[in-house]
Every structure is written in structure tokens, then in C-alpha cells.
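Student: To get the numbering used here, take the position in the sequence shown, counting from 1, and add 1.
Check the hints yourself; a few may be wrong.
[What the hints assert, rightly or not] Below, a list of computed lysine-lysine pairs in the BS3-like style, where the Cα atoms sit at most 25 Å apart: (1) Lys333 x Lys367; (2) Lys347 x Lys335; (3) Lys131 x Lys112; (4) Lys353 x Lys335; (5) Lys40 x Lys378; (6) Lys378 x Lys335; (7) Lys274 x Lys333; (8) Lys131 x Lys67; (9) Lys27 x Lys367; (10) Lys38 x Lys367; (11) Lys67 x Lys272; (12) Lys134 x Lys67; (13) Lys272 x Lys134; (14) Lys67 x Lys353; (15) Lys292 x Lys27; (16) Lys38 x Lys131; (17) Lys172 x Lys236; (18) Lys353 x Lys40; (19) Lys292 x Lys335; (20) Lys292 x Lys236; (21) Lys177 x Lys112; (22) Lys347 x Lys38; (23) Lys40 x Lys274; (24) Lys134 x Lys112; (25) Lys38 x Lys292; (26) Lys367 x Lys378; (27) Lys236 x Lys177.
In short, the hints are calculated from the structure, not lab data.
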Amino acid sequence: MPRILIAPNSFKECAGSVRLADLFHKALEGTLMERYKRKDFHFIDKPVSDGGDGFLDVCVENFHLKREEITLPAPFEGGEIRASFGYSPENKTVYVESAGVLGMRIIPPEKRHPLELSSKGLGELFLWLKNSKASGRLQFDQLTLGIGGTGTNDFAIGMASALGLRLLDEKGRYVKPLPESFRYVKSVEWEDPGLDFEIEAILDVNTPLLGQRGAARIFAPQKGATPPEVEELEKGLECVVRAIGKSDSSADLLGAGGGLAGGLHYFLGAKYKFARDFLREDLGINSARLKPDLVVTGEGVFDSQSMMQKGVSFILDEFRRLEIPVFVCAGKIKDVPEELAEENVKFIELSKFFTSPGESMRNIEKGVELASEEILKIYFANRG
Numbered sequence: 002m003p004r005i006l007i008a009p010n011s012f013k014e015c016a017g018s019v020r021l022a023d024l025f026h027k028a029l030e031g032t033l034m035e036r037y038k039r040k041d042f043h044f045i046d047k048p049v050s051d052g053g054d055g056f057l058d059v060c061v062e063n064f065h066l067k068r069e070e071i072t073l074p075a076p077f078e079g080g081e082i083r084a085s086f087g088y089s090p091e092n093k094t095v096y097v098e099s100a101g102v103l104g105m106r107i108i109p110p111e112k113r114h115p116l117e118l119s120s121k122g123l124g125e126l127f128l129w130l131k132n133s134k135a136s137g138r139l140q141f142d143q144l145t146l147g148i149g150g151t152g153t154n155d156f157a158i159g160m161a162s163a164l165g166l167r168l169l170d171e172k173g174r175y176v177k178p179l180p181e182s183f184r185y186v187k188s189v190e191w192e193d194p195g196l197d198f199e200i201e202a203i204l205d206v207n208t209p210l211l212g213q214r215g216a217a218r219i220f221a222p223q224k225g226a227t228p229p230e231v232e233e234l235e236k237g238l239e240c241v242v243r244a245i246g247k248s249d250s251s252a253d254l255l256g257a258g259g260g261l262a263g264g265l266h267y268f269l270g271a272k273y274k275f276a277r278d279f280l281r282e283d284l285g286i287n288s289a290r291l292k293p294d295l296v297v298t299g300e301g302v303f304d305s306q307s308m309m310q311k312g313v314s315f316i317l318d319e320f321r322r323l324e325i326p327v328f329v330c331a332g333k334i335k336d337v338p339e340e341l342a343e344e345n346v347k348f349i350e351l352s353k354f355f356t357s358p359g360e361s362m363r364n365i366e367k368g369v370e371l372a373s374e375e376i377l378k379i380y381f382a383n384r385g
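Please model the entire structure based on the sequences and the hints provided.
Tutor: See the structure below:
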């Protein structure tokens with residue numbers, strides 16, 4: 002019985018990976034039955050997340066979590082959001098998606114100015130969890146946090162400020178914990194907040210906090226920062242790094258999530274796990290275990306960053322080396338590395354089926370149907 006592995010990442014601001022896996026399953030199964038009269042295919046639905054958008058949905062689906070919702074401060078000043086987390090009493094673990102607290106999808110376009118955005122809401126969530134554990138409402142020892150898809154770029158300073166961090170200028174005066182003020186920071190006051198649970202951060206990219214490949218210069222433009230604002234963010238982060246006694250090149254200052262990863266490690270001792278290890282070890286996605294004959298994966302935009310430890314790059318690396326047909330479906334395909342120009346790797350751009358990117362996003366179900374038809378047409382043609 003042929004086996005089809007369906008392992009998409011989320012299409013950011015369009016559809017989550019759990020929904021996409023369901024759409025591809027139904028479309029492929031329907032086409033197989035109606036056009037090819039085949040009912041003998043076995044489907045393995047494994048929606049993936051590299052820590053960004055859709056991380057919590059994937060964890061709820063795989064680990065059968067209880068989902069809860071609380072009110073937190075929004076990343077922008079004066080706003081509030083309803084944020085979810087997942088809870089496993091059996092495994093004594095809480096799962097949080099940073100994009101659900103700090104993500105682009107919850108920040109209106111007119112407020113996407115990273116200099117003015119804060120990760121304070123995440124710190125408030127940590128405090129709430131600490132109090133809930135102390136009261137006996139929740140019983141857990143670990144918090145697993147997916148990092149990616151964030152709209153902030155503040156090195157977790159907002160998060161830490163909710164837990165007691167104070168930024169000070171050269172005269173010892175209080176500095177507001179927003180990136181627009183980081184350039185004034187000369188020293189910090191910080192005491193361990195005594196969180197009685199470990200934090201494991203799932204990272205979508207392996208990038209430094211500072212420099213040409215760092216959080217500000219690579220990712221801040223995607224979050225709404227202009228070129229002058231990018232430079233201001235970079236200089237502000239440099240001031241904060243000096244104030245906490247780190248060098249600009251410190252290896253543990255990672256830039257994932259707008260520096261959220263590095264800040265969590267410095268302030269709270271968070272441990273790192275890269276997405277590919279989470280996918281292989283925690284979600285059980287590996288070639289030896291699943292043994293598929295055909296793999297369907299994808300994400301909203303496939304570009305040069307897609308190969309930076311992200312979910313789709315893991316799927317490609319895991320299965321293409323075994324010469325298993327792998328189809329990468331994306332809303333937009335911007336750049337395909339030369340090493341992926343292989344016979345068993347095919348790319349399908351969903352936007353080609355429509356007149357505009359907006360139309361493509363509004364009609365994701367139709368796009369998946371058309372892509373599924375093309376996948377099976379190529380698959381059966383190559384089998385002779």
C-alpha cells in the first residue's frame with residue numbers, strides 16, 4: 002500500500018499547518034479516487050512547525066493538550082490580546098507559541114514598528130504561570146516555547162521588564178524598556194525572578210543577535226522597520242549587550258524571534274532546541290519510522306531563509322536523500338538553491354493558479370486542490 006506523508010508548515014497569515022494537512026489530505030484522496038480510481042493509498046498527516054505560526058496547534062494535535070486562554074498586554078502600547086497555551090498534566094509541560102503572544106498576525110499593519118513594540122506580554126504570561134503553579138491550579142515542570150513569527154525585535158527586554166528588569170541611563174535614571182530607548186542604556190538592574198519551571202525554546206533559525214546576519218538587519222525589515230530604523234535597532238541592541246556585560250560576538254546571544262532566544266537564555270537560563278530536532282525527536286518525523294513513498298510539504302513563501310534550520314528544510318533533507326519524491330508547495334517561490342535541483346524534488350507555486358497573491362490567499366482550498374492534481378499527475382507520470 003503506497004504511503005503519502007503530508008507534512009506542511011503554516012502559510013503565514015493564511016492557513017495553519019494543521020488545516021493545510023487536512024486540506025491536502027482531502028484533495029489528494031479525492032483526486033486519487035475520482036481521477037485515478039485508487040483507494041489503496043495510506044495517508045500520514047504530520048503537520049509541522051519550526052516554532053513559529055501554528056506551533057501550538059501542532060502541539061495540541063500531537064500531544065493531546067488542554068488548551069487555555071488568558072488576557073495579556075499586546076506588543077503595542079495600550080492594547081490587549083487573548084492568548085492561548087497548551088497544557089499536558091501527564092507530561093507536566095506547558096506549550097506556548099510566541100507568535101500567539103508577540104506575532105505579526107496580532108499586530109495591525111499600522112502598528113508594525115519594531116522600535117515601539119515590546120515582548121512584555123510574554124513576561125506577564127510567565128508570571129501568570131508561576132502563580133498558577135504556586136496555587137496548584139497547574140502542575141508542570143517545563144515550558145516549551147516555540148520561537149518564530151514574532152513582530153518584536155527587543156532581545157526579550159520587554160519580557161524581562163515584566164519580571165523586574167530595570168534599564169538605566171548614564172545618570173542612573175530609568176529608561177523605558179522599548180527598542181526606541183535602548184540607545185540610552187548604560188546599565189541594568191536584574192534579579193532572578195524565581196520561576197520554578199525550566200524553559201525550552203524551539204528555534205526556527207540559527208542566527209546571531211547582532212551583525213549583518215543578525216536579528217535586526219535580517220528580520221526587522223520583514224516586521225515593518227525602515228532602513229534607518231534597522232540601524233537604530235542594531236545600535237540599541239549593541240548598547241543593551243554592553244550593559245549586561247556581553248561581547249557583541251557572544252555565541253549564546255541568538256537572534257531568533259527578534260533576539261527573544263538570546264534574551265530568554267541570558268535572563269532565564271532557557272535551553273535551546275532547533276526545529277529539526279523537535280520535529281525528529283518530539284513529533285517523530287523521520288524516514289525510518291514513516292517510510293513514505295511520496296512526501297508533500299510546503300510553506301507560505303519559499304526563499305533563501307527556508308533552508309535556515311526551518312521545517313521545510315528538515316523535510317527536504319530527511320527524505321530527498323533517499324530518492325523519495327518530495328513536492329514543495331508554497332504560496333510564493335522566490336529562490337530555489339542549486340542543491341535542490343534534483344529529479345525527485347518538485348516545486349509548485351500556488352499563486353500561479355490565480356491572478357494575484359491576494360486572490361491566492363483568499364482561495365487557499367482551491368489552490369491546494371489544483372496543486373494536489375499537479376502532484377499526482379507528475380507522480381504517476383514518473384512511475385511510468
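Student: Hint by hint, say whether it matches the structure.
Tutor: Evaluated hints:
1. Lys333 x Lys367: Judged against 25 Å, a Cα distance of about 15 Å means the pair holds.
2. Lys347 x Lys335: Holds, at roughly 14 Å.
3. Lys131 x Lys112: Since the Cα atoms of Lys131 and Lys112 sit roughly 30 Å apart, the hinted pair is violated (cutoff 25 Å).
4. Lys353 x Lys335: With Cα atoms ~13 Å apart, Lys353 and Lys335 stay inside 25 Å; holds.
5. Lys40 x Lys378: holds, 16 Å
6. Lys378 x Lys335: Status holds; Cα separation ~24 Å.
7. Lys274 x Lys333: Distance ~28 Å between Lys274 and Lys333 Cα, so the pair is violated.
8. Lys131 x Lys67: holds, 18 Å
9. Lys27 x Lys367: holds, 12 Å
10. Lys38 x Lys367: holds, 21 Å
11. Lys67 x Lys272: holds, 24 Å
12. Lys134 x Lys67: holds, 16 Å
13. Lys272 x Lys134: holds, 21 Å
14. Lys67 x Lys353: Distance ~39 Å between Lys67 and Lys353 Cα, so the pair is violated.
15. Lys292 x Lys27: Holds. Lys292 to Lys27 sits at ~21 Å (cutoff 25 Å).
16. Lys38 x Lys131: Since the Cα atoms of Lys38 and Lys131 sit roughly 56 Å apart, the hinted pair is violated (cutoff 25 Å).
17. Lys172 x Lys236: Answer holds: Lys172 to Lys236 is near 20 Å, not above 25 Å.
18. Lys353 x Lys40: Roughly 29 Å between the alpha carbons, so the hint for Lys353 and Lys40 is violated.
19. Lys292 x Lys335: violated, 30 Å
20. Lys292 x Lys236: Measuring from Cα to Cα gives roughly 49 Å; hence the hint is violated.
21. Lys177 x Lys112: holds, 18 Å
22. Lys347 x Lys38: Distance ~24 Å between Lys347 and Lys38 Cα, so the pair holds.
23. Lys40 x Lys274: Violated, at about 39 Å.
24. Lys134 x Lys112: violated, 34 Å
25. Lys38 x Lys292: This hinted pair holds, its Cα atoms lying about 23 Å apart.
26. Lys367 x Lys378: Measuring from Cα to Cα gives roughly 17 Å; hence the hint holds.
27. Lys236 x Lys177: holds, 16 Å
Hint check: violations occur at hints 3, 7, 14, 16, 18, 19, 20, 23, 24; the rest are consistent with the structure.
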